[in-house]
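Trainee: Here is what each chain is made of, one letter per residue.
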Amino acid sequence: MPHLTKGSIVGFDELNVRAYPGETLALKEVLGLDRYKIRRSNFHRYNRILSLIRNEKIKAVIFDLDGTLYDQGAYIDQGFQKVASKVQKDFHLKDSQRSAFLKKMRDLYRSNDRVRIFNRALRWLKPSMGSARSMPMWRTTFSIIISSAPEDQFMAASCGFVVLAAPAETAIRIGHPRPGGGPNE
Amino acid sequence: MNKLFELGLEDTFDAVEISGFYPVSKAKPSPFMFKRILHRLHVAPQEAMFVGNDLLQDIGALKAGMPFYYLADRAQLVALRKELAK
Chain G
1 MPHLTKGSIV
11 GFDELNVRAY
21 PGETLALKEV
31 LGLDRYKIRR
41 SNFHRYNRIL
51 SLIRNEKIKA
61 VIFDLDGTLY
71 DQGAYIDQGF
81 QKVASKVQKD
91 FHLKDSQRSA
101 FLKKMRDLYR
111 SNDRVRIFNR
121 ALRWLKPSMG
131 SARSMPMWRT
141 TFSIIISSAP
151 EDQFMAASCG
161 FVVLAAPAET
171 AIRIGHPRPG
181 GGPNE
Chain D
1 MNKLFELGLE
11 DTFDAVEISG
21 FYPVSKAKPS
31 PFMFKRILHR
41 LHVAPQEAMF
51 VGNDLLQDIG
61 ALKAGMPFYY
71 LADRAQLVAL
81 RKELAK
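Quick mapping for you: the protein sequence lines, in order, are chains G and D. With the first letter of the first sequence counted as 1, position 4 gets the number 4 in my numbering; the numbers rise by one all the way through. With the first letter of the second sequence counted as 1, position 78 gets the number 78 in my numbering; the numbers rise by one all the way through.
Please note that a few of the clues may not be correct.
[Claimed, not checked] Stretch-level coverage of chain D by chain G, calculated; a stretch enters the list once three of its residues show a Cβ under 8 Å from a Cβ in chain G:
(1) 3-13
(2) 30-42
(3) 46-54
(4) 58-71
[Unchecked claim] Pairs of lysine to aspartate or glutamate residues, derived as DMTMM-like cross-links and limited to a Cα-Cα distance of at most 20 Å, are as follows:
(5) G/K59 <-> D/E17
(6) D/K63 <-> D/E47
(7) D/K3 <-> D/D14
(8) G/K59 <-> D/D14
(9) G/K82 <-> D/E6
(10) G/K104 <-> G/D90
(11) D/K3 <-> G/D64
(12) D/K3 <-> D/E17
(13) D/K35 <-> D/E6
(14) D/K3 <-> G/D107
(15) D/K35 <-> D/E17
(16) D/K3 <-> G/D77
(17) D/K3 <-> G/D71
(18) G/K103 <-> G/D71
(19) G/K6 <-> G/D34
(20) G/K6 <-> D/E47
(21) G/K59 <-> D/D11
(22) G/K126 <-> G/D107
(23) G/K59 <-> D/E47
(24) G/K57 <-> D/D14
(25) G/K37 <-> G/E23
(26) D/K82 <-> D/E47
(27) D/K35 <-> G/D64
(28) D/K63 <-> G/D107
(29) D/K26 <-> G/D66
(30) G/K57 <-> D/E47
(31) D/K26 <-> G/D64
Since the hints were derived computationally from the structure, they do not count as laboratory data. These numbers were taken from a predicted model, which means no experiment stands behind them. We put the beta carbon where it would ideally sit given N, CA and C, even for glycine.
Let the sequences and hints guide you as you build the complete structure.
Mentor: Set out below in structure tokens:
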């Protein structure tokens, strides 16, 4: 640890994991288990643990929120699953089509090009859905909004979208397809 | 703020700044928001540290003069190593 300055934060992803004892042994041998304060992150599925080493010079620790203090991927995925269920119900998708649509949204999210994920996933899905006769709403434009930000919700409402309330833990809002096109296309 | 309430962290922090409430020019990765929260906390950049998981967005902390601690998962570390090896 010669390159760590006072006040350093060290993150461990496999501390106290029985199957991978290496990190725990290394911590025990190099730093010791009784000299530093070890804090477990309750908000990350990877069992991430932060070790805060005190330093009088550091007066403030500033945290990013999304993906740092909680698992943003899981949070977003809840929204994707709600959207996939909604689209499956409205357009009578088979389970395999729902799965493919869900996978497409996840792939777009992971690609880091996250602009208009829902519109792009729906556009990708459209050719696989067969005859437009059974899906007359495909002639309209879709805009699905997922946001907990008040300004997004206000924008959706002011543009004429019907904003549906969904379980609070996902903070998801789904805008209905609007005949004549929406502002998101 | 909704997320902080959902996580039970609404009373944990002395100050909260939300990047999305700022115009694009002042949102992350601009150092504006980082400098603003330092000002609100009455601390100098060298007296603070920033912990984040997004190199592109959180790099504003470095621009504001704070040490930046990158919290990466395995995939991000692999990507970073590849990038550094170029």
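Trainee: Each hint: holds or not?
Mentor: Checked hints:
Taking a C-beta to C-beta cut-off of 8 Å, the stretch 3-13 of chain D contributes 6 residues in contact with chain G, enough for the three needed, and the coverage statement holds. With 4 residues having a beta carbon nearer than 8 Å to a beta carbon of chain G, the stretch 30-42 of chain D meets the requirement of three or more and the stated coverage holds. With 9 residues bearing a CB less than 8 Å from a CB of chain G, the stretch 46-54 of chain D meets the requirement of three and the coverage assertion stands. With 6 residues having a beta carbon nearer than 8 Å to a beta carbon of chain G, the stretch 58-71 of chain D meets the requirement of three or more and the stated coverage holds.
For the hint linking G/K59 to D/E17, the alpha-carbon distance of about 18 Å falls within 20 Å, and the restraint holds. As the CA atoms of D/K63 and D/E47 are separated by approximately 15 Å, the hinted pair is consistent with the 20 Å bound. Only pairs whose Cα atoms come within 20 Å are accepted, and D/K3 paired with D/D14 is accepted, the gap being roughly 16 Å. For the hint linking G/K59 to D/D14, the alpha-carbon distance of about 12 Å falls within 20 Å, and the restraint holds.
The straight-line distance between the Cα atoms of G/K82 and D/E6 is roughly 18 Å, inside the 20 Å bound, and the hint therefore holds. With a C-alpha separation of about 18 Å, the suggested pairing of G/K104 with G/D90 holds against the 20 Å cut-off. Restraint check for D/K3 and G/D64: the C-alpha separation of about 12 Å stays at or below 20 Å, so the hint holds. For the given pair, D/K3 sits about 13 Å from D/E17 by alpha-carbon distance, which is consistent with the 20 Å threshold.
Among the hinted pairs, D/K35 with D/E6 is inconsistent with the structure: their alpha-carbon atoms are about 27 Å apart, more than 20 Å. At most 20 Å may separate the alpha-carbon atoms for a hinted pair to count; D/K3 and G/D107 exceed this at roughly 24 Å. About 11 Å separates the Cα atoms of D/K35 and D/E17, which keeps this hinted pair within 20 Å; it holds. Under the criterion of a C-alpha separation no larger than 20 Å, the hint pairing D/K3 with G/D77 is consistent with the structure, at around 15 Å.
Pair hint D/K3 plus G/D71 holds up; C-alpha atoms about 12 Å apart against a cutoff of 20 Å. Of the supplied pair hints, the one linking G/K103 and G/D71 holds, its CA atoms being roughly 19 Å apart against a limit of 20 Å. The hinted pair formed by G/K6 and G/D34 meets the criterion: a straight-line CA distance of about 17 Å does not exceed 20 Å. Taking the CA atoms of G/K6 and D/E47, the gap is about 12 Å. The hint holds against a cut of 20 Å.
A distance of roughly 18 Å separates the Cα atoms of G/K59 and D/D11; the hinted pair therefore holds under the 20 Å criterion. Our distance criterion of 20 Å between C-alpha atoms is met by G/K126 and G/D107, whose separation comes to about 17 Å. Proximity of G/K59 to D/E47 is assessed by CA-CA distance (about 5 Å); at most 20 Å being required, the pair is judged to hold. Our distance criterion of 20 Å between C-alpha atoms is met by G/K57 and D/D14, whose separation comes to about 18 Å.
With a CA separation close to 16 Å, the supplied pair G/K37 and G/E23 stays within the 20 Å bound. The hinted pair formed by D/K82 and D/E47 fails the criterion: a straight-line CA distance of about 32 Å is larger than 20 Å. With a C-alpha separation of about 14 Å, the suggested pair D/K35 and G/D64 falls inside the 20 Å cut-off, and the hint holds. Simply put, D/K63 and G/D107 have alpha-carbon atoms about 31 Å apart, too far for the 20 Å limit, and the pair is violated.
Of the pairs offered as hints, the one joining D/K26 and G/D66 holds, with about 18 Å between alpha carbons and a cut-off of 20 Å not exceeded. Only pairs whose Cα atoms come within 20 Å are accepted, and G/K57 paired with D/E47 is accepted, the gap being roughly 6 Å. Distance hint between D/K26 and G/D64 is fulfilled; the C-alpha atoms sit about 16 Å from each other, no more than 20 Å.
In this structure, the earlier hints numbered 13, 14, 26, 28 are contradicted, and the remaining ones agree with it.
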